[in-house]
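As given, the protein sequences belong to chains D and H, one line each in that order.
Each number in this note's numbering corresponds to the 1-based position in the first sequence with 42 added.
Each number in this note's numbering corresponds to the 1-based position in the second sequence with 7 added.
Do not rely on the hints blindly, as some may be mistaken.
Said to hold, decoys possible - One-sided and incomplete, this derived list gives chain D residues near chain H with beta-carbon spacing under 8 Å:
{"#": "1", "residue": "L130"}
{"#": "2", "residue": "L160"}
{"#": "3", "residue": "T244"}
As the list claims (entries may be wrong) - The calculated label-pair distances, taken between Cβ atoms and stated as ranges, are:
{"#": "4", "chain 1": "D", "residue 1": "G56", "chain 2": "H", "residue 2": "S44", "range": "54 to 62 Å"}
{"#": "5", "chain 1": "H", "residue 1": "E324", "chain 2": "D", "residue 2": "F218", "range": "35 to 43 Å"}
{"#": "6", "chain 1": "D", "residue 1": "A64", "chain 2": "H", "residue 2": "R356", "range": "28 to 36 Å"}
{"#": "7", "chain 1": "D", "residue 1": "L59", "chain 2": "H", "residue 2": "G36", "range": "22 to 30 Å"}
{"#": "8", "chain 1": "D", "residue 1": "L189", "chain 2": "H", "residue 2": "E85", "range": "38 to 46 Å"}
{"#": "9", "chain 1": "H", "residue 1": "R100", "chain 2": "D", "residue 2": "R242", "range": "21 to 29 Å"}
{"#": "10", "chain 1": "D", "residue 1": "S190", "chain 2": "H", "residue 2": "H125", "range": "38 to 46 Å"}
{"#": "11", "chain 1": "H", "residue 1": "L136", "chain 2": "D", "residue 2": "A211", "range": "38 to 46 Å"}
{"#": "12", "chain 1": "H", "residue 1": "L129", "chain 2": "D", "residue 2": "L185", "range": "36 to 44 Å"}
{"#": "13", "chain 1": "D", "residue 1": "G112", "chain 2": "H", "residue 2": "A137", "range": "53 to 61 Å"}
{"#": "14", "chain 1": "D", "residue 1": "W154", "chain 2": "H", "residue 2": "L147", "range": "26 to 34 Å"}
{"#": "15", "chain 1": "H", "residue 1": "C93", "chain 2": "D", "residue 2": "I234", "range": "54 to 62 Å"}
No lab work stands behind these hints: they were computed from the structure.
Glycine included, every Cβ here is placed at the ideal spot set by N, Cα and C.
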Amino acid sequence: MRKGAFLYALAALGAGLCHWYASGLAQRLAARALAEHFGGGLRALLINVALEEVLRLALIGAAAYALSRGAERSEAGSMARLYAFALLAGWAFGSMENLSYLLAFPSLDVFWRLGYSLPIHINAGLLYALACRPSPRGDGRRLHGALSRALGTAAALGLGIAWHGAFNAFASLAFFKTLPALGSALNAAAFIALVLLLERNTILRGVSHGRTRA
Amino acid sequence: MRLAFSQALQRWQSGLWRWLALMAALWGGLSLAAVTSELPRLAYYGLLMTLLGALPAFIAYPQEGDTAIKLVRRIDSEAALESYLCQEDGPARTLLEPRAALALRLALLDTPRRQGPHKAWLGAFAIGLALFTLAQALSLRAGYGISLGYPEKGLLKPPERSEEAEPAAGYRPEFTLVPPDGGQGEASGRYARPSGGQSVGGDYAAPSRALRRPGNEPAEPESAGAEDGQDGMGQKGEEGTGSAGGADAGASRERGQDEEGPQPEGTARQFGYEGSGRALESSPLLDYRAVFEREYVARTGKESALGPNTAPALAQESIGAYYGSFSRDLILRAPAEARLEELKAAWLRLGSEGATP
């Protein structure tokens, strides 16, 4: 790994840690207001999830913007960088969360979080990377393009919140014995699908980039 | 696209090899460190869990740069395909098409051979296995047995009994769930003040049940130690976290250690509860067996060792006899919630004052 790529990976890990801290802070600050307005339970749980996912989308969006405005790089190259950023930031977030749970609940059951919880963060990051992929300069100025991107991003955010919220709700309110294994399998399937989509996207963009460059 | 996915598959495979090699190296290194030093149990499991969770990142980390162009250049030595792709629609593109199609067909026929893991990763894997084997040998020699996880060192350590912790001769903890004078017991275990505070013994009495947070930080675990009454004090002071998540938990843990002095992980200061069946802390039942072993050696002078048949049932009768004199009767009184009573009385007083004209 070259020096630039290494520093980029470190920055992505740092961004994931900042996201974890910011999410915890936002949830703590919002907890009292949520309890007053919603009385806890499922709605408060979903709003906590939404806070986390909105911050994640903001982080990925900022990275996509920086990549599209940064050094001259091919579209596929920028896409690959954003994809790596989402992957590492999601892993850092999920790992910090896992460690905090291990400190609070020192039990082997916490290891189930590797399949049930950690991939949620990674998958959501990859989904937002797919939605916020860096566009070539000038593409965003067209109204149709901007509108479709905004709609796509909103749909991705909705899907991310729904998936994360469903997993949290089942784990908190409707836990059953095989839930960790089932959730892990679902997360793994979603991860494989997202990675294949991203690979396809990167390759197709690479090919079309080769054509437009001539 | 088929070629592209075969290339991606190879990349994922090499990522998996890298992860396996690093995992083996870390596992071996941590096992050795755990046997030879006082590596904290939670640090061992925390590091292991973090690297286990890195599998998706290792497998799916994308290639630096333009994947498609790299693929094209790898399979297309005469640049037929690249020149075709670089052309806009037009007569030149039509002319280049047959050569590009031929290059693609040849590439599909001559699929790249599967590459094994790099020698460096194989070396890391071998080092990891060697470290793990060495750790197991040292663990066996030290008497901890073979362990895939953190070695159970607590079984061989003598109990740490300080003068302050030593109960008086007539002291029967099983009868003192609620101390009659309401002194020390009020600030500990189940009867701790909800806001937390320093108990008489110098321990921090954590709130008995914190509000569960549905966010990204875990709520405080419900301490089983508190259910064991007085025995929960030491554990609560050490493990109980006022706000259990993340950094708060760490800070609270450090605070507890500052108060009570350093103590190795997984060892209890006082007898009683140490952990549940699947907890990472050592089991109290195993500790009871170790106490029995020590007493046996002290009284008979015979060294006991693990034989070929180490089923716990064999020693069950002896253990039962040894602990048989322990009273199992518990006197459970209705909890005297002094503050609740005070609040009730205050409410009644307010009501009666408000009723008077």
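Results of checking the hints against the structure:
no.: 1; hint: L130; in the structure: 6 Å, holds
no.: 2; hint: L160; in the structure: 5 Å, holds
no.: 3; hint: T244; in the structure: 5 Å, holds
no.: 4; hint: D:G56 to H:S44: 54 to 62 Å; in the structure: 30 Å, violated
no.: 5; hint: H:E324 to D:F218: 35 to 43 Å; in the structure: 40 Å, holds
no.: 6; hint: D:A64 to H:R356: 28 to 36 Å; in the structure: 48 Å, violated
no.: 7; hint: D:L59 to H:G36: 22 to 30 Å; in the structure: 24 Å, holds
no.: 8; hint: D:L189 to H:E85: 38 to 46 Å; in the structure: 44 Å, holds
no.: 9; hint: H:R100 to D:R242: 21 to 29 Å; in the structure: 23 Å, holds
no.: 10; hint: D:S190 to H:H125: 38 to 46 Å; in the structure: 43 Å, holds
no.: 11; hint: H:L136 to D:A211: 38 to 46 Å; in the structure: 43 Å, holds
no.: 12; hint: H:L129 to D:L185: 36 to 44 Å; in the structure: 55 Å, violated
no.: 13; hint: D:G112 to H:A137: 53 to 61 Å; in the structure: 44 Å, violated
no.: 14; hint: D:W154 to H:L147: 26 to 34 Å; in the structure: 30 Å, holds
no.: 15; hint: H:C93 to D:I234: 54 to 62 Å; in the structure: 33 Å, violated
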